[in-house]
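Peer 1: Residue numbers (my numbering), protein chains in the order written: chain W, 126 to 497; chain G, 126 to 497; chain H, 126 to 497; chain X, 126 to 497.
Some hints could be false.
Unchecked claim - Distance condition first, Cα-Cα at most 35 Å in a straight line; then the derived DSBU-like pairs of lysine-lysine:
#, chain 1, residue 1, chain 2, residue 2
1, G, Lys-301, G, Lys-246
2, W, Lys-246, W, Lys-301
3, X, Lys-338, X, Lys-301
4, H, Lys-338, H, Lys-301
5, G, Lys-338, H, Lys-338
6, W, Lys-338, X, Lys-338
Hints are computed from structural coordinates only; laboratory data are not their basis.
This is what each chain is made of:
Protein chains: 4
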Amino acid sequence: MAATIGVGLIGTGYMGKCHALAWGGVRAVFGEGPRPVLAHLAEVNADLAARKADEFGFARATGDWREVIADPAVDVVSITTPNAFHAEMAIAALEAGKHVWCEKPMAVALADAERMAVAAKASGRVAILGYNYIQNPLIRQIGTLLAEDAIGQVNHVRLEMDEDFMADPEALFYWKSEASSGYGALDDFGVHPLSLVQVLFGPVTRVMAQLSKPYADRPTREGTRREVETFDVASILFEMGAGINGVMALSRSAWGRKGRIALQIFGSRGSIVFDQERFNELQLYLAGEAASTQGFRTILAGPQHAPYDRFIPAPGHGLGFNELKTIECHELLRAIGGAQDARVIDFATGLGIERTVHAMARSHHEERWVAV
Amino acid sequence: MAATIGVGLIGTGYMGKCHALAWGGVRAVFGEGPRPVLAHLAEVNADLAARKADEFGFARATGDWREVIADPAVDVVSITTPNAFHAEMAIAALEAGKHVWCEKPMAVALADAERMAVAAKASGRVAILGYNYIQNPLIRQIGTLLAEDAIGQVNHVRLEMDEDFMADPEALFYWKSEASSGYGALDDFGVHPLSLVQVLFGPVTRVMAQLSKPYADRPTREGTRREVETFDVASILFEMGAGINGVMALSRSAWGRKGRIALQIFGSRGSIVFDQERFNELQLYLAGEAASTQGFRTILAGPQHAPYDRFIPAPGHGLGFNELKTIECHELLRAIGGAQDARVIDFATGLGIERTVHAMARSHHEERWVAV
Amino acid sequence: MAATIGVGLIGTGYMGKCHALAWGGVRAVFGEGPRPVLAHLAEVNADLAARKADEFGFARATGDWREVIADPAVDVVSITTPNAFHAEMAIAALEAGKHVWCEKPMAVALADAERMAVAAKASGRVAILGYNYIQNPLIRQIGTLLAEDAIGQVNHVRLEMDEDFMADPEALFYWKSEASSGYGALDDFGVHPLSLVQVLFGPVTRVMAQLSKPYADRPTREGTRREVETFDVASILFEMGAGINGVMALSRSAWGRKGRIALQIFGSRGSIVFDQERFNELQLYLAGEAASTQGFRTILAGPQHAPYDRFIPAPGHGLGFNELKTIECHELLRAIGGAQDARVIDFATGLGIERTVHAMARSHHEERWVAV
Amino acid sequence: MAATIGVGLIGTGYMGKCHALAWGGVRAVFGEGPRPVLAHLAEVNADLAARKADEFGFARATGDWREVIADPAVDVVSITTPNAFHAEMAIAALEAGKHVWCEKPMAVALADAERMAVAAKASGRVAILGYNYIQNPLIRQIGTLLAEDAIGQVNHVRLEMDEDFMADPEALFYWKSEASSGYGALDDFGVHPLSLVQVLFGPVTRVMAQLSKPYADRPTREGTRREVETFDVASILFEMGAGINGVMALSRSAWGRKGRIALQIFGSRGSIVFDQERFNELQLYLAGEAASTQGFRTILAGPQHAPYDRFIPAPGHGLGFNELKTIECHELLRAIGGAQDARVIDFATGLGIERTVHAMARSHHEERWVAV
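Given only the sequences and the hints, what does the whole structure look like? Please build it.
Peer 2: This is the structure in structure tokens:
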């Protein structure tokens, strides 16, 4: 029988459920690693916690997240609460000797993210961030293509991330329009494409951003209008090492875009194009083909793109968004097990992403290029 | 706490694992219904069974499938063994008072399928087939559009199902090329598009098929060549009730197609187009639009397409193939719970699909239209 | 200075204008061959003829088409009148010693088509049909790929042709719903995909069709309803030589389809996919690619696909539908000049296409396979 | 009979031929306006000029472009020579009282472009630039949608223009890599998307660009390597009036892109997406649709999108790149005829585009936002 690992979960919303599903399925999918034991779940009150523990199959429930962290049956804590709580919870968990799986972004304030990175380092525990898009087998395939020099020396990259949940100008003002939530699309979205940049190319070195507000104000429940404080659109020029530059554009107000994270990579011998809205597909152009039959090929995800094979043995059948989290969970377990090559963004690397975002915001306000 | 239901699983390959994942996740996803208890798992030998039980989280394991059926802790049995075993196992399980979830197709011989249907009826238990493609929220959405008369009276339908796992003429002869496995693409694939036809339009009434062999023979391990006995390609004309006719084309030797199930539905006020290789998308054309802006719209699956919302609250993020099985599992549980509107293909309905397939084969050999 | 060729044009509607543009541009595009002199144009009355001659740049105009044929300044006659007039005009022109460029289909009645073929043979003149889709540089590229054995031995082909100009059930009854116009989609549309089949694979040998009427009757201007006599939908199984079989589906009532002619070709080493609605693109899948990067490649038309280069030296800029006619005109001029390899469908070959269509209609009425 | 207009053509390369085809076809297509008389053609020497006059159907030919301008039979002069010659030729033609149709961009040096605009104004003649992409019926449709407020207040725009003719790092150094040719992608390409911005939104007000060189040097014919002086890649942030901002990315070294000009427009009630590689298609998302059927609709160009109907009466058949030039020619003729609403970019407006490009270059070198 497999060894076990005790799991604590704080938060049971969108991402909390996603973590729960990942913990519940990871061993059946991968057939290896410790068996997760769903030990303890926390929500904002005991009733909700009890209901969710029943649904998700957790043994215990509590309205006080500190009980999860104090529980000796818990080895690793999933933190899926609003961003403002990440720092306190993650640091407490690390200090209690737990491994931590915290949703992105690390924190609203850069100082909090820095404290988290310090705590992670001091703890000796595994502390990673929930950047699940990097777990897509086809994003791994892009990494492999780059490593194999399939498209030669990359010179230019374009990234877009767009959704439309804030596109309606008459949608009510809510916390995402408050300055206390952060800059807007920049930190809400930007960290995702930056996580892809990080795993594919490494850190960003210099940035120049322009932030904008599609709508100056929004209606409130009280029938008045309130000024919008965050920027739903961000446009960024950036540079990485090795002569690579890029463009990044983000919008939370892009009607019709539902989960778009578009990536275009141009190299000296080919190009790669990807769109998260069709994340089981990859476009690849190789320069060496015969002239009359050259073209972007549409590669469908299949078992040749590990670890797709762990989910489905047949090609072209499609993974789901939630399954990226299961892969992430497996990588976390590998990291906990001591693997040096686990594909995760730990708190130290995540801090670099946060710093990049903050540099972008500064470049906007100072209207100049800013080094990260 | 939720009630429980004891689960037995026979077979742990491609579909067996898919069932195991569905049983493991269904309650966390839907937050309702009984909690599945993974009770007993059977494989061809005890060792493999034990290993898979450990991976999938089943309590007991056996090399004798009859032990699963005999186990009083088992309420429902998943049968995911090769098609030739379905009839014996399903009938035994039903006779033992278990509910049955059997992978498609029912059986190779029509007589076996008929016996299964009889057994199901006699048992009073729920007996359904694993036609998971019908569970796609967007296939449901097509059904809703048809029910709402969104595209008017349907007059013509086209279906295609193509993969390429037998496209290589030099791939070794194996059991799928033996006549004992069935007709070929017709029963291997045809039942899937027919399951979509069934839930969207009802039964097929008349058929005219042409079967063909792309490759007359294939190499064997012994270095000889053996004549291919099954038909990897099938082309079919068919009629349904209410003046609807259609075309169906199937190939297991269609290079580049990995999981294509393409559907085109033409009505008096619009058209619907779907392709399983992009199964989180649906194309809809409505006749009433302004001339200058008319066009097929690409609808991305989202929480407005139940039960997508049970998996992910955000639109455009994409479900995976395995998650269709989880939906199917939930519908099975609803049927077991007594729901009259559970979206499942039971043995009686499944038998109609099998009869359609056999009528197609006869129409090919007799070179004439055959009534189903 | 180039030699000249005198052009007569009968009919100035959709295709008449298309011919006029082709004659006007062909020499500037190709920079070779005789210079067309736009000599004489006929329409149903002298006034319309005079107006169109002025617009199209023809020297003379007449309300009597026989004057065009009698004009010694005319060497070649474009016939773009309704199908019912083709036979009389084409035969008269051939007997007058003119070359003939007649729009498809040849005639409504097979006997008329046969007389046309006889007249063409007897005349010793060049007599071709306006099957312009075969002139697409990417259709030529498909032919080259097949000739080079790029996708190996073809085993299965699928064709679709769909438009929606008759999709509205409340559109007024007009001549295309009268039996005198022919069978319906079968001859109106079917000849186009058959022309592609002809140039890519050669003749069809055996057919099995099903024709249907989406709408039993249609409103008339008088406020009554009149029974529809033609079949707007056709579904066909067919066989060619060399073990190739196929499916063809046609609809004039396919909402949302505007100019779709879809082609799928499956071979032992690859597949080819094409859609006329994106006729500057071609999809090609080659079996030999590395597993992790295999996929259909989207080939954009470019100067490497002759004679695209005669129109535009840069790739990816796109030819238009009308320009296919200019290519056809150039091939006609080459045939007139004595080239043996001109890519045209002459009356003899066109007759084979007509016979195929009539065999399809017979197979529908007799509900059996019919040899062509 | 129609009035005539005498046409002179200087240059017979890519764009020269394109002009010749447009002049040759414009009256047959539109059936209105003066009849172009192809009067006089100039090339670099008399022999080439004579050959091209014969091919294109021009009455006279010369090796001295000044003879075209001096010819009293010439009313309008097409200038399609390398950019460095535009200013001298256009100014001479205007001073000779001719209308001018000059290919973009106006000139390499801003001072030359300014002189051209002054000359145009002083002449009282029509002087326009060859920005043919703005003539696409679907670009007009976008303009109509914006004018009709279909997508509400626009807040963010993205443009990309990419080709791959300089993507090969081992392609020989040629004049486009010399500083004397301009900045690189910025002026070579950037003017095209800026022409779209101009007709859809009006002038750009502020810019921030980053230019880069994918390859530091290139091989020469002599076997040495020469440093590249121009920037094949450009990334730009920009602002327009009315709170609209945007991103623009350009590359001449984008493998696989052949004629991409991608446009994304985001408004308060919808979005519009366009790609020149599929320029007979337009994507439109309207916010008000029912939730379950919302999606980008793919609009195929058809006769409802004037002046597509002048070319083809049937929808979905596709215009070609060259035909955009025919539309441009018609608009030029309308402008010459006194129409105030001719859709052209005259020298005054074109100068604004040139100034924008030069401001972008300055912003790159000074690493700051620059007002246009």
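Peer 1: Between Lys-246 (chain W) and Lys-301 (chain W), is the straight-line Cα distance small enough, at 35 Å or below?
Peer 2: holds, 31 Å
Peer 1: Between the alpha carbons of Lys-338 (chain W) and Lys-338 (chain X), is the straight-line distance 35 Å or under?
Peer 2: Since the Cα atoms of Lys-338 (chain W) and Lys-338 (chain X) sit roughly 33 Å apart, the hinted pair holds (cutoff 35 Å).
Peer 1: Lys-338 (chain H) and Lys-301 (chain H) were given as a pair; does the straight-line alpha-carbon distance stay at or below 35 Å?
Peer 2: holds, 13 Å
Peer 1: Does Lys-301 (chain G) pair with Lys-246 (chain G) here, judged by a C-alpha cut-off of 35 Å?
Peer 2: With Cα atoms ~31 Å apart, Lys-301 (chain G) and Lys-246 (chain G) stay inside 35 Å; holds.
Peer 1: Does the alpha-carbon distance linking Lys-338 (chain X) and Lys-301 (chain X) stay inside the 35 Å limit?
Peer 2: Status holds; Cα separation ~13 Å.
Peer 1: Tell me if the straight-line CA distance from Lys-338 (chain G) to Lys-338 (chain H) falls inside 35 Å.
Peer 2: holds, 33 Å
The earlier numbered hints are all upheld by this structure, with none contradicted.
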